[in-house]
Structures are given as C-alpha cells and as structure tokens.
Amino acid sequence: MADGLRLDTLEIRLGGRCMVALDAHVAPGEVLTVMGPSGSGKSTLLAAITGALDPAFALSGRILLDGEDVTALPTERRRIGILFQDELLFPHLSVGGNLAFGLTPSLRGRAARRKRIDSALQQIGLEGFASRDPATLSGGQKARVALMRTLLADPRALLLDEPFSRLDAARRGQIRELVFARAKAQRLPVLLVTHDREDACAAGGAVIELGA
Amino acid sequence: MSLLRRAPALTLLVMLGPVLAGLAGTLLPAFGIMPALGRVEPGLMPFSELAAWPGLPRAVALSLATGLGSTLLALALTMLICAGWQGTRAFRWLERALSPLLSVPHAAAAFGLAFLIAPSGWIARALAQLLGWERPPDLLILQDPWGLSLIAGLVVKELPFLLLMTLAALPALRPGQSLATARSLGYGRSAGWLKTVFPRLYPQIRLPVYAVLAFSMSVVDVALILGPNTPPTLAVQVLRWMNDPDLALRLRAAAGALLQLVLTLGALGLWRLGEMAVARIGRAWIEAGGRARHDAPLRALSFGAGALSALAIILGLTALGVWSVAGFWGFPALLPDAFTAKSWMKQGPQLLSPAADTALIALVATGVALALVLACLEAEHRFGLRPSARALWLLYLPLIVPQIAFLPGLQILALVGGVDGTITAVIAAHVIFVLPYVFLSLADPYRGWDRRNAIVGHALGASPARVFWRLRLPMLLRPMLTAMAVGCAVSVGQFLPTLLLGGGRVQTLTTEAVALASGGARRVIGVTALAQTAAAFLPFALALLIPALVWRNRKGLKHG
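For the protein sequence lines, the chains are A and B, in the order given.
Note that full-length UniProt numbering numbers the first sequence so that position 148 is 148, with each residue one more than the last.
Note that full-length UniProt numbering numbers the second sequence so that position 418 is 418, with each residue one more than the last.
Rather than coming from a laboratory, the hints here were simulated on the basis of the structure.
Not one of these hints is a red herring.
In silico DMTMM-like cross-links for lysine to aspartate or glutamate, where the CA-CA straight-line distance does not exceed 20 Å:
| no. | chain 1 | residue 1 | chain 2 | residue 2 |
| --- | --- | --- | --- | --- |
| 1 | A | Lys42 | A | Glu11 |
| 2 | A | Lys184 | A | Asp66 |
| 3 | A | Lys115 | A | Glu127 |
| 4 | B | Lys558 | A | Asp86 |
| 5 | A | Lys42 | A | Asp196 |
| 6 | B | Lys555 | A | Asp133 |
| 7 | B | Lys558 | B | Asp450 |
| 8 | A | Lys184 | A | Glu198 |
| 9 | A | Lys184 | A | Glu30 |
| 10 | B | Lys558 | A | Asp133 |
| 11 | B | Lys555 | A | Asp86 |
| 12 | A | Lys42 | A | Asp86 |
Generate coordinates for the entire structure from the input sequences, incorporating the hints supplied.
Structural data, given as structure tokens:
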C-alpha cells in the first residue's frame, strides 16, 4: 500500500465549512475518477494535491506519494504533474521550448536534451514540430504536447482537471486513450476530475462522487 | 525571499519618504527657521511678508480658478463624450486620436497651443486671409490676465488622461448592458449613460480626478508658457522667490508653498462638497424619470469639443514643426516663404547633452521604479497580499500633494545634505512621480496573468524564481514595456523636480524648452519642444516595436 498516491483523511475547509473530505489510495498505473457538479470542490481538491491551495482554505490530513509525506512541500518539489482543460502551452516558447521547460534537469547536455525532445515528439506523432509556434497547433496537437511536457518532468503522479472537455468528440477518445496508456506505461497513479460519465467509464478505475 | 517581502514597504519609503521629508523641509522655513541663513527662532514673519505681497489675492484667485475651471471642463467633456458616443465608431476614432496625445509633454503641448492661438498664430493668420488683416490683432491672448489660455492648455492635456482612466475603468461596469437597458426603457443615449453608468464610474476615477485638480492648480511649466505674468499663479510666484538670488526670499517661498498646499486641500474639500451636491441633484434627476431623448445637440457639442481638443495638440505640434524649419515667415502668410534646416543645425548640437541627460534620467528612474513595482506585485502574488483601497490612496499621494509644496523643502534638504545639483538627486525626485504611473500601468496586466501558468510551471518542477523570470516576465513583455514607456514619458515631462533638485546644473530637454518661454525665439522653441516630444514618444514606439520583433513568430502573444 506504500506505492502510489495516498490521500490520508484529507479534509479541506473554508471558514469552518467542510468543502471536501476524502480518504483514498491510487495505486501506480491505476486511475481514480472524482466526479461531481461544478462547485463541488473538485478543483479545490486538485489545488490541494498540487500544493497551490489558496491560503483562505484550511487543509488537514496528509498527502503521501510512494510513502513520502508531501503535504508541506511547495508545488515544485512534489513532482505531481497536472493537465488542465486548457493546454496552457507557454505562448512565448516554441513547441520544443515547452517540452524543454518540462524536461527534468537531471538529463544534462544540450545534444542529449534535444535528442530526448525529438524522440518525445516522435512518440506523439509530431516529429519535426520542435521549432513550431504552439499557437499554430490544432487542439489535439496541443493536448499531446501538454501531456508530453508533463511526462518529461518525470512526475510521480498525474492529475487531470477535465483535460478532455475542450476537445471535439473524434479527438477526445483518441487523446484519452493516449493519456491513460502513457500513464499506465510509466506506472503513474492518476487522479481524474471530470463531470463527464464517458471519461469515467474510459478510465476504468474506481469512481468517487463529490456532493455539491 | 525576505527582501521580496519587504518590497512594498521599501517602495512606499522611496515614494512617500521624500514627499513627507519635503513637506517638513517646507514647514520649517515657512515658520522662519532656516539655520543656513542664521534663522533659528520660529516666527510668522514669512507669512506676514507673504500677506504683504500685493499680488497675493490675485495669484490665489488665479490658482483656484484655473485649477477648478480646467478640471471641471476636462471632466465634463470626458463624461459627455463617453455618454454621447461610447460604443460607436466615432468614439473609437476619438479614442485613437486622443490616447497617443497623453504622452505629449505638457510643455510641448502648451507651446504648440501658444503657436496656434497667439495674435500672430495660425488661427489669426487663417482669419487674416478671410478678413484681409495685414497686421496681427492687438489682443493679449497668450498669458491673458484671466488665465483663459492657461485653462485651455490644461483642458486639452487633461482630457486624454481622464479619458484613458475612464476607458480603463469602464469594461468592469458593463456599460453596454446598462445603456441597452436604459434605452429600451426609452432613455436618450446621453441621459441613459449619465443615469446608469456615470454614478458607478465616478468612484473609480475619483483619485485621477483629484490628481488632475491638484496638478492643474499648482502646475508650473504650463503656467510659465500660457499663464499670466503680473501677477502669475501662486505656484509660479513661489518658484520665482525660490530662484531669487536673495536667499532670504526662500522663507517667503516656503510660506507660499505651504499656502499652496492649504489651497489645494481646500479646493479638494470644495470638490468633495460639489460631489455630494451633484450626487443629491443627480439622484433627484434620475428619480424624476425624464427620458431626455433629444440629445443630438449635446452629442454634437461633446464630439466637436473632443475633436477640437485633439486637433489643438496635433496642429500645435505641426506648428512647432513648421516653425522649426521656417525661413522668413511674415504675418498673414499661412506658411513660411522658405524652409530651412538652419534652426536644427544650429540648435541640434546644443541639445545633444540635455537629450543625453534626459534619456539617462528617464531610463534610470524608470528602471528603479519598474524593479520596485515588479517586486511589489510579485510579493503580492507569492505571499497572497491583498491590496487595500488605502494602498491606492498612498499611490496617488505624490500626484495629489502639489509638487511646489514639497519640492522646495526637498531642495533645501538636498542642499543641507550636499547632494543638490546632482543627477542622482534629480533621478530620486523623478522616481517619486514615475513610480505611481508605472504601478498603475502594470498592475492590471500583472494581476490578470493566468495563474494556472504558474501552477503548471511549478508542477513541472520550476522554482518561483524560474517561473518569474522564464514564464511571467517574457509573457508580460508587452505590458512591461508599455509601463516603461509611460514611466519614461512621465520622467521626460518633469520640469519642477529637475529644476529644483538639479539646482540649475542638470539640464534636460524640458528645462531647456520651458526656459525659452519668456523669449520669443519661435524657431528655437519649435526645435526644442519637438525634441522634447520625440523623447517622450520614442519609448512608446519601442514598446510597440520590440514585442512585435521578439515575438514575431508567436501568434499567442500578438494580442496580449
């Protein structure tokens, strides 16, 4: 039970009122889906896990990653990747620059890093796109770059904040499969937040419903 | 980290410290204490000397009338333009014509206006063509004893400022919806806007209006160019006493500066009372339900006045340009007989050194201000600080306390400290006025940046410093450069801080230009005032050009 993402009696309160209470474990390669209408605290939960919770909220309980307590760590030291509904590719960097921003600094040397990025682009079917302006990509291409940028940072868990809801129906299934397949291959625990039942079915894991 | 936490406090110190110190430095000599002159006994002598000056009642009346009059006119015009035209194509045209005029330095705009309305100016020349005049009319238009040309000069310069502040505040009020609702209830466009949008808008632009009022009452450079001479406005007279070789007159100057402060506070109080009266009358007007559907004449008037105001500055700058290259130019002729580069060849080299100092002062002052503002905003972001309404008041304080009230005191302190007449002292004084504008210009884009970018960056392992340098700053390049351009334009236009802290030894294009006010050397004025305008414009051009070049391959940053 030590491996993966563990939310140990997590509780988020705002001014005394309990917003979210959750006790869960996501094993490596598994997906936990959290569902609920807007305003049910889904985004607050993700902010708490990434460490970007607004100070107005009070957090109790622990967040454990592979047995390590990360509750008090700043976001940048948690190594928890997150994908939002918008791809949020940095508009001032090229596609390759975006991936390089994500690529872990432990891989050293300009040539080695460039090679890693080229092969990453190849894996998502965007070979030769390194110097492209992200604003010129299609929605599906952007989503793939955002996913790869997150994976290159070598995360220990992956959070998904309704990442498929902006895509059209055809791309949606395709990207969804890619994300889950990649996460499984890297043995990442995945926490998916969505209000779309189809996403939850495709994820195939446990489902938790949050009340409004 | 801890340094960043102290950034807001440090910024307040840099900005308000000199204001308070300067006020203290004015207070002491006003009550007769000036150790440098051997005066250590407090007394009211400076005030009785001030009261004994025969020009005082008129100077005070002039300051009040020009300040209140120009502010009221500029505000009324701005509001009527918005009421009558907001959301129309004509409005966008006016907006585009007026916004760039904000960066025209006050002195250059005043000279340009003078070249238009003087008895031998372009307007009189045009009339002479029609009426067959052979000599300029014998009228005292410039520097008229009533201060009318001074009021005109202030209105044409403050109109773009108030319009821009209004445009910044408007979108959050959703004026389109209010106006559509009002019009569907049968209200005329202007009345609908004034009844539904204006009451919510005014509190948002109150501080800029106060700044305009305080500035107009105590302005020195525009008053030297367009204002009356005998007596001048109070602020100009205080400056004369400050510059008098007889150092004893500094005491009287300090007393006058203090009186200016009291006058300004009094005028602000009066304005506040006026606000309350207007609110009361306005409520009754709104509740009376009059639809006021026939506002066509009012709309025509406001549009005409707005266009005239823009035209006055644009034609004024053109007149400066024509004079700067004019050969012989006799009276009724609309254009000179010949064009020549002689004035530029002769004046140009002499302007190089002031131009270099202008650039140095503007760049360093803006750089310091930008660093402090970025540190404040980043501290706000990282430590979750919430800016209060009081913080906004503090930001406006250097713009509301009249320059002439605290800069003389600051000069005396600089004198005591042995730093007067240095470029460092001038830069420090400029930072006081550049900082609020840089902050106001950058705060909204900085706070409006999508925070999820930072979360993604952190989730990818980037430290707060890396997110700041590699993500936030590059993405905010455009608003940052715009804020710098605003800062540079403010610095370039500063007259009094340069003159007083520079002790006459630091010369900028602005001090050079204003020094020409008393003479009639039109070609020299044309060259100098245009150089001053160019110095204020250049940073704006760069602020447009640099992001366009740097991000030429980045579509996502084209409209940011």
